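Asker: If you want the building blocks of each chain, they are given just below.
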Amino acid sequence: EVQLVESGGGLVKPGGSLRLSCAASFSSYTMNWVRQAPGKGLECISSISSSSTYIYYADSVRGRFTVSRDNAKSSLYLQMNSLRAEDTAVYYCAKGDTYFDYWGQGTLVTVSS
Amino acid sequence: EIVLTQSPDFQSVTPKEKVTITCRASQSIGSGLHWYQQKPDQSPKLLIKYASQSISGVPSRFSGSGSGTDFTLTINSLEAEDAAAYYCHQSSSSPATFGGGTKVEIK
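Chains as they are written, first to last, in the numbering used here: chain A, 115 to 227; chain B, 859 to 965.
Here chain A stands alone, though its shape is the one from the complex (with noise of 0.2 Å):
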């Protein structure tokens, strides 16, 4: 069974970082980090190729989020620096390089003083 599960979440000032982390029962797929503000859409924020040769971000995190992946851990990562009150969301990672097939239970990141 696919299972995909994020860790890492929590509650951080403005301009602090995390790391997100999804560990997934799998290794070779294009795995996406998606985010959904409290009572908002969700949001692409960034794609990441099986091989790490294909790497994508929203112009929204481009330039202070990196997204990286051990597939010998069948692990996918999400460095957050300079966090900012707009990145409060619930983060999910997904499986897929067209459709998203299978989707982890989120993990909650509050940016706040």
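None of these hints come from the bench; they were simulated from the model.
Note that this is a predicted model, so its numbers are computed, not measured.
We treat Cβ as the ideally placed atom computed from N, Cα and C, and that holds for glycine.
A few chain A residues facing chain B, derived, Cβ under 7 Å:
#	residue
1	G155
2	L156
3	C158
4	Y206
5	T212
6	Y213
7	D215
8	W217
9	Q219
10	G220
Think about it this way: if two alpha-carbon atoms lie no more than 16 Å apart in a straight line, the pair counts; the simulated EDC-like pairs of lysine to aspartate or glutamate are:
#	chain 1	residue 1	chain 2	residue 2
11	A	K154	B	D867
12	B	K876	B	D940
13	B	K903	A	D215
14	B	K965	B	E875
15	B	K961	B	E939
16	B	K897	B	E939
17	B	K965	B	E939
18	A	K154	B	D899
19	A	K127	A	E200
Following the hints, complete the assembly by docking chain B onto the known chain A.
Answerer: Quick look at chain B alone, frame taken from chain A:
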């Protein structure tokens, strides 16, 4: 960036009624359009891929249609468990984008 516009934003529906949600793309995306259901406090779930292709395990009352710029998600004979937000998502053009969502409430 391709903008997806969903309508309506909100719909209150009686059980067994038919529900139609539309998603319009700002430019042609062929059939690269997918639909998700998100129930309260849950992660999104894939309902339909490539505009009209069904997903294993998804009830047959959910169907999708359309191509180019206009797409439709139809829920035939709505059930109480279908109360959720529904999102369209395009993967034809980078960056992938989502529609703003449609919330379906059961009367």
